[in-house]
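Asks: Using the sequences and the accompanying hints, generate a full structural model.
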Amino acid sequence: MDVRSDTGSATVWTVGLCALLMLAALAVLHTAAVRLDRDRAATAADLAALAAATEAVHGTENACALGRSTAEANGGSLDACAVTGATVEVEVSVRSAVLDRPVTARSRAGPATDPPNPAGVGEPAPRSASSARTRPYPADVWDTDTRASSRTPR
704 MDVRSDTGSA TVWTVGLCAL LMLAALAVLH TAAVRLDRDR AATAADLAAL
754 AAATEAVHGT ENACALGRST AEANGGSLDA CAVTGATVEV EVSVRSAVLD
804 RPVTARSRAG PATDPPNPAG VGEPAPRSAS SARTRPYPAD VWDTDTRASS
854 RTPR
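Mapped onto the working numbering, the consecutive letters of the sequence shown carry residue numbers 704 to 857.
Don't read these hints as lab results, they were simulated from the structure.
A hint or two may mislead.
[What the hints assert, rightly or not] Computed Cβ-Cβ distance ranges for the label pairs, DEER-style:
(1) P805 to S708: 52 to 62 Å
(2) A722 to V801: 17 to 27 Å
(3) D782 to T734: 46 to 56 Å
(4) A815 to D782: 20 to 30 Å
We put the CB at the ideal spot given by N, CA and C, even for glycine.
Replies: Have a look at this one:
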């Protein structure tokens with residue numbers, strides 16, 4: 704019997720390579736599942752914040768209740784809700800399919816600047832500076848020679 708024989712070593716290498724590939728595939732699937740859970744939590748938080756902020760802009764008191772029902776409709780649970788004027792900050796958690804703990808996400812929604820009257824009733828829209836040209840064009844831009852058959856710029 705020759706101890707230095709390589710007979711059967713390819714089988715060992717093949718089994719080891721297959722095990723390594725299976726571990727890599729499981730790691731990729733696990734990472735994808737966790738990312739999917741995180742995205743689900745972020746989506747539920749964004750939608751809950753938008754729904755609550757829409758309600759808060761109109762001045763109603765049940766903004767967080769609407770945010771809670773929106774989060775639950777998207778598979779999450781509303782853990783925290785804070786209304787400041789017309790701006791709403793929420794924290795939503797989603798049960799993870801892979802981890803043994805929930806995945807949480809935060810979101811904030813509201814107008815760029817809080818209006819002084821949250822309901823916005825009876826107030827005109829704020830005026831903003833126009834980007835239109837403020838000076839008129841000079842009068843002599845067009846040649847007004849009557850002998851020309853068409854108007855041509857100088």
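Asks: Looking only at beta-carbon atoms, does the pair A722, V801 fall within the given range of 17 to 27 Å?
Replies: holds, 21 Å
Asks: Does the beta carbon distance between D782 and T734 stay inside 46 to 56 Å, or does it fall outside?
Replies: violated, 25 Å
Asks: So does A815 sit 20 to 30 Å from D782, Cβ to Cβ?
Replies: holds, 26 Å
Asks: Could one say that the CB atoms of P805 and S708 fall in the range 52 to 62 Å?
Replies: Check passed, 56 Å falls within 52 to 62 Å.
Checked against the numbered hints listed earlier, the structure breaks hint 3 alone; every other hint is satisfied.
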